[in-house]
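Q: Whenever a hint applies, use it, and build me the whole structure from the sequences.
My numbering puts the first sequence at residues 6 to 280.
If you are wondering where the hints come from, they were derived from the structure by calculation, not from laboratory data.
There may be inaccurate statements among the hints.
[To be verified] Label pairs and their computed distance ranges (CB to CB):
| hint | residue 1 | residue 2 | range |
| --- | --- | --- | --- |
| 1 | 117 | 32 | 16 to 22 Å |
| 2 | 60 | 94 | 22 to 28 Å |
| 3 | 95 | 154 | 45 to 51 Å |
| 4 | 24 | 49 | 18 to 24 Å |
| 5 | 263 | 106 | 50 to 56 Å |
Virtual Cβ for every residue (Gly too), placed ideally from N, Cα, C.
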Amino acid sequence: MPELPEVETIRRGIAPQVSGRVLSDLILRRTDLRWPIPGEQLRREAVGHPIRGVERRGKYLLLPCGPGRLLLHLGMSGSLHLPEPDLPPGKHDHLDLVLDGGQRLLRLRDPRRFGALLWLTGAPEAHPLLARLGPEPLGEAFHGDHLHRLARGRRVALKNFLMDGRVVVGVGNIYAAEALFRAGLHPALVVGRLDAGQWHRLAAAVQEVLTAAIASGGTSLRDYVKSDGKPGYFKQALRVYGRVGQACGRCGTVIESLRLGQRASCFCPGCQGRG
DNA sequence: AGGTTCGCCTGCGGGC
DNA sequence: TGCCCGCAGGCGAACC
6 MPELPEVETI RRGIAPQVSG RVLSDLILRR TDLRWPIPGE QLRREAVGHP IRGVERRGKY
66 LLLPCGPGRL LLHLGMSGSL HLPEPDLPPG KHDHLDLVLD GGQRLLRLRD PRRFGALLWL
126 TGAPEAHPLL ARLGPEPLGE AFHGDHLHRL ARGRRVALKN FLMDGRVVVG VGNIYAAEAL
186 FRAGLHPALV VGRLDAGQWH RLAAAVQEVL TAAIASGGTS LRDYVKSDGK PGYFKQALRV
246 YGRVGQACGR CGTVIESLRL GQRASCFCPG CQGRG
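A: Here it is as structure tokens:
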């Protein structure tokens, strides 16, 4: 479940190892990830060119290379590794990007195969997967007024709204729950009824929790270029996610979970009232 | 058209 | 020990 902090940590981890190296080959062991990997096109258009950097948009990683960009998504179980070139691939190691003639490998592992490797040409923001994405939560375009404006007249539950990539990118189940706790807002609130003050509190809480998680990943996970599907070292800082049945650290009320849109939503009934 | 549910996948933990 | 079940979840598709 790499969410934005995990993807950002991975980006920082692999960028120094990948940037400036030539993509000299592509080894595909299976191509049926979320979408078929366009192997022929990648070989024709990307192989032979240097990878110029590692960018992130939401939970997508973008690797500019020759006339386009590799787009990587880790789904919920994907991870990236930089194995020794002679290390045999494991069962779920679906592909290798071969760099600098085999001196280095960037290996994608993804047991559940919800991830993706695609090839983008043209403006990345015009690609269907990226075109409708909302602002980066840690960018200037994300603030309480933005949320307030998008929520006007809508009746979705607050937590679902926050996890909608068209509203803001990168906030998955864990950080949505944590941000709502920090803002003192119940996950089932109808978004059209929140006021400006509540939206500003929530925007600030989203930024705080993501910033703290990235900082935690950046220190504890410095050499970590993988994601094993767990919340990583930020787990110890989680206040409601994964803590159902335990006492809230702030007020002592037992943490509960409700289902919103088929998804478990942990919250503290004491701290997160409906008003 | 906004809102909800489904489906893709595998590993894992719990119950028996 | 082994099997079945439910759950985890990003996100596009399908549905109401």
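Q: Give a verdict on every hint.
A: Going down the list of hints, with the structure as the test:
{"no.": "1", "hint": "117 <-> 32: 16 to 22 Å", "result": "holds, 21 Å"}
{"no.": "2", "hint": "60 <-> 94: 22 to 28 Å", "result": "holds, 26 Å"}
{"no.": "3", "hint": "95 <-> 154: 45 to 51 Å", "result": "holds, 47 Å"}
{"no.": "4", "hint": "24 <-> 49: 18 to 24 Å", "result": "holds, 23 Å"}
{"no.": "5", "hint": "263 <-> 106: 50 to 56 Å", "result": "holds, 54 Å"}
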